[in-house]
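Q: Chain by chain, the residues:
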Amino acid sequence: MSLLRVEGLGKKFGGVNAVEDLSFEIPPGEVYSIIGPNGAGKTSLLNLLTGVYKPSSGRIMLQEHDLTGHPPYAYARQGIARTFQNLQVFFNMSALENVMVGRYMHERCGLMSALLRLPRQARADRACREEAAELMRYVGLQAYLSSAADAMPYGALKRLEIARALATRPKLMLLDEPAAGLNPTEALELDDLIGRLTERGVTVVLVEHNMRLVMGVSDHILVLDYGRKLAEGPAQEVRNNPKVIEAYLGSAVSSETSYREEIAQVVAVAVEMHR
Amino acid sequence: MKSTLAKNSFKRGFAAAAAAFALISGPALAQEPIKIGAFLSVTGPASFLGDPEQKTLELYVDKINAAGGVLGRKLKLVSYDSAGDAEKARTFAKRLIDQDKVDVIVGGSTTGETMAVIPLVEAAQIPFISLAGAVVITEPVKKWVFKTPQSDRMACEKIFVDMQSRKLSKIALISGNGAFDKSMRAQCMDVAKNYGIQIVADETYGAGDTDMTAQLTKIKNTAGVQAVLNAGFGAGPAIVTKNYRQVGITLPFYQSHGVASKEYIKLSGGAAEGVRLPAGALLVADGLPANDPQRAVLVAYKHEYESHYKSDVATFGGHAWDGLMLAVDAIKKAGGTDKAKVRDAIEATHGFVGIDGVFNMSPTDHMGLNLSAFRMLEIKGGDWTLVK
Amino acid sequence: MSPQFVQYLLTGLTVGAIYALVALGFSIIFNASHVINFAQGEFVMIGGMATVSLVAVGLPYLLAIPLAIATAALVGLALEKFAVEPARDASVVTLIIITIGASMFLRGLAMLVWDKNLHALKPITGDKPIAIAGATILPQSVWVLGVTLAIVVALSWFFGRTLLGKAMLATSHNRLAAQLVGINVRMVLFLSFGLSAALGAIAGILIAPITTTSYDVGVMLGLKGFAAAILGGLGSGIGAVIGGLVLGIVETMSAGYLSSAYKDAIAFVIILVVLFFLPSGLFGKRGGERV
Amino acid sequence: MLAHLASPRTGGLLALAAVIALLPLVLRNSYFYDVAVLVGLNAIVCIGLNLLIGYAGQISLGHAGFFGLGAYGSAILASRYGWPPLAALLATTFAVALLAFIVGRPILRLRGHYLAMATLGLGVIIFMVISTEDKFTGGPDGISVVPFRIGGFVLQGERIWYWVVGALLLVAVWLALNLIESPTGRALRALHSSEVGAEVVGINAAEHKLMVFVISAVFASVAGSLGAHYSGFVTPAKVAFLHSIELVTMVVFGGLASTFGAVVGAAVLTTLPQLLATFEDYEMMVFGAVMIGTMIFLPRGVVPSLARLFRSHRSADADNKANKA
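Chains as they are written, first to last, in the numbering used here: chain A, 1 to 275; chain S, 276 to 663; chain L, 664 to 954; chain D, 955 to 1279.
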């Protein structure tokens, strides 16, 4: 029984196919990686899998729920969480509040009890605060418990997004290039964090250019090229697939990843300087 | 304006010095000034009313003081700009009553501002002379409220009488969507049947509109229209007048007393030729027969105003002249500023020759004017002429 | 076509052409800076009032008009320099408030420098109505339409053919990229205020003979111009022109055939309906945010 | 406990309560009370509007419309049809909420300047209806409103109104602070910063925008109703576009996303015209210059900018002390 099933998924922008006739299944409890060169449609696929884009064709099923065409919050409510390549941190709030927002779905409160701040509401708020703090420690952000989000370094923000996603108590977590812009030490810590996520019972979908990370943690790998499936299978198999090696890993990847990493570094520096 | 400002603060300083001096030198110089409070639409959409009103008050308060004041006391004008906003008017009226402790209030350039203030002056029991036109101000009569301008109903009646004499019975109405316009429109519709007048078209334009040919084309194509009446002030009537000629309507054209200033003729260019309107006699002051009871007052005011401000006199400033002089007259008669006595004196005004007409107030009439206060004018050769 | 319809159409086009000129001013500044300049209407006022006062001191139109346009352009440049530039990094709402403050300041200043009275300008070529298919149009309206057309042509040449125009266009598409290829973005921003102020002034001069002008004439025209720019799609030149004309025609047709009291309301209802189906106006840039 | 008192919530509320309680010491006569009441009513509108603009990041240039509907609804029901004022207020508030709910859905799909235009248009339409339908509304000349009475008790006079509005202002601040600190409030702030970021944690952005739009409309409507009874008169000026702009200016001036900022903004910009009253010819210029100057030098608005200045000052002090030690 797979956790997520995608059937014949397609997305067109104008006349261009960003994703085309894609089918795959993600088994529960695994780390499932999606790789491919720039413009292969990886981020488009993530946007489709979280309802940010509406598919032009095909279906997306989470367990028995058909989520096709639903808005993003419906995906979240079924247990799909994600992080973003271009950070979508709430910079107008504290770090802790960012994570508390992640708990939103589990804080169902009526408007009246919110406006009047009934005792029940105050209690729930304290609990929420504690759990959010717990999650921040979990992802290694204990140093930022009282920070404003707009005062945190880039690497910490990436982890903040992970903590926020975790706060939704997801079944499936989609990480969009979590290692981009991180320094090597931070990237190494990520291996460990992803490992711990699966231990928590969260299935992880990883979109990443850092091949060391991908090969280290993945159970299954999906290779995309021009929005189509180039190859898919257990990590070991994909690594040895001659087609993949030829088309992707062989020549392009080394130069491409280093190029991307450079860009990411520049961006990270730029972000720092911007503050 | 700057000079008045400087003058005001100078005066204030002088008053303070005088007050300090009075403390030392005893009661002889301790005469408190009589405080005239005013709130006027000096800026904003009704500034064409408030501006000449303010200028008139300033001019004549200075003049009266130069001539020794009233009952040996100086007048002091406390004036605020309510900018046509009823809420502001209400707050300023409160300020005049509670903070400045004025003896009488003259002002309220527009009906909305006046109506918002009435509950306050009634509660505070202070004489209040409004400079706004609508009949609702003094009908029903409110104990402390008077007004000087001819009402818009009288304007309608004056026009309809003229139409009757020209055997015009089916007319089209075009008005702006401002307070003045809408109030006059309602009054005209109300009294039309008394004069056998039928309103067969009723069009509206907005403040700031740049073209009224659409409305006028509609009127032109309405069957049976014999004359057109435009209720409004400011840029609207000037544009209507130009568009009227543009779309080629040749019917008799009436304007309201809202355009009773030279500005209208200038703005409309040649298009205003032949337009008729009811207005106070001020505009034709020099042309009045020598035996006209108002002539002397009108000519004096007109020349005083025009030589002082170097701009054409408008009937609206006349409302303020009447308001101020009625108040001064009443204070003299009452022998002081006791509010109840002043009120009674205003109510007893009889045969007072003002700019807007000859006032005969009574307990049932707090305006005191009749139709003779309006003259029917026609624009000929770029100037006002008296009809008949 | 009935003469009545032709009359409404001609009137609508004239009114719409003015809205279009004001809307173009909004669009030019928006493109360069993503600022909605709520003082745009004040440029219209300055154009009209400056011409009136220059003519009053005896200057001929040929001198007064260019001087008035230059005055407005200078005010536009000053506005950018002293009010918008110092707040470069402020939020959109903050910038809106700044431009609203600027519009009040300019209106207040105009009231002091000039006066509170209404003024008329003499039409450029007389005021004898021209008859067209049973309808009439003032010679001044022909001027309005002609000048608007000429300005649209000139602007499309400016943005399509000249280096400065292309630089301004590039800046509107991608500020960062424009900066990287060496465009002085700050200069572009500065000039855009001057240019749109000049456009506003031209509109103000053109309509002054028809509608009269005064210190507060900019409020309503600014509002209508903004509505036209939004209807057409912010930042789109053709959108601003079409938006203006549509707004003008809708207003006059509503006044003619439906209700003159509600013509503005009808125009706004139509704008709301258009936005409901086309959330970026008729010709605005489509597409959501990148994630 | 002390820390609790110093929190912006409790501490701010206490400070505001103290100001309201002590202000009468300097309010010399009923004119001063009158200005204070107007400040309070404007502040209530601004608190609601700040939830929409400052916290949820939407904009409305048409809130005077809701204010006006509240005022006219109460005026017409209570004065023309003789409803008890409280019933009129409640019915009006409900109707305004319903209207906001119905029009909010399509309008709030728009963003930025388009949203500004749509709300502006909505305000203009409401204004036109109110000033045209003079049979009900009295047209541009306005309409008189009966005093507010509950049972046999009549609310009349500035002093009574001062305490009533003061209490309501405290309640409004308290409600707003509660809302902001709740999951709903966090959701609003989140969608302000990143709508997609909020959606993927399960927040229905459209629903929240609509909710806060309705809430802000209700704040405006209630303040409008009360204001109408207080002044005893309403004119369409309170519904006009310029009043909407005035309200937004108060919010931005005081500080976006600061409930106390909204109060300060309302207080400053309501009293400023009173201070400038004797300079009528310069009033507009000075007002405009104050707006520009504040926004340039305190771009976040008065309260947040000053708070930031104060904080950085304090932390610099703390640093100094630490260095010395």
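Careful, some of the hints might be misleading.
Now the stretches of chain L that chain S is said to cover, found in silico as 3 or more residues with beta-carbon under 8 Å [stated by the list, open to error]: (1) 677 to 685; (2) 773 to 786; (3) 868 to 874; (4) 923 to 936.
Rather than coming from a laboratory, the hints here were simulated on the basis of the structure.
These numbers were taken from a predicted model, which means no experiment stands behind them.
C-beta: ideal position from N, C-alpha, C; glycine also.
Q: Are there three or more residues in the segment 923 to 936 of chain L whose C-beta lies closer than 8 Å to some C-beta of chain S?
A: holds (count 4)
Q: Counting residues of the segment 677 to 685 of chain L whose CB is closer than 8 Å to a CB in chain S, do you get three or more?
A: holds (count 3)
Q: Are at least 3 residues of the segment 773 to 786 of chain L within less than 8 Å of chain S when you compare beta carbons?
A: holds (count 8)
Q: Check, residue by residue, whether the segment 868 to 874 of chain L contains three or more positions whose beta-carbon lies closer than 8 Å to a beta-carbon of chain S, and give the verdict.
A: With 3 residues closer than 8 Å to chain S, the segment 868 to 874 of chain L meets the three-residue bar; holds.
Violated hints for the displayed structure: none, as all numbered hints are satisfied.
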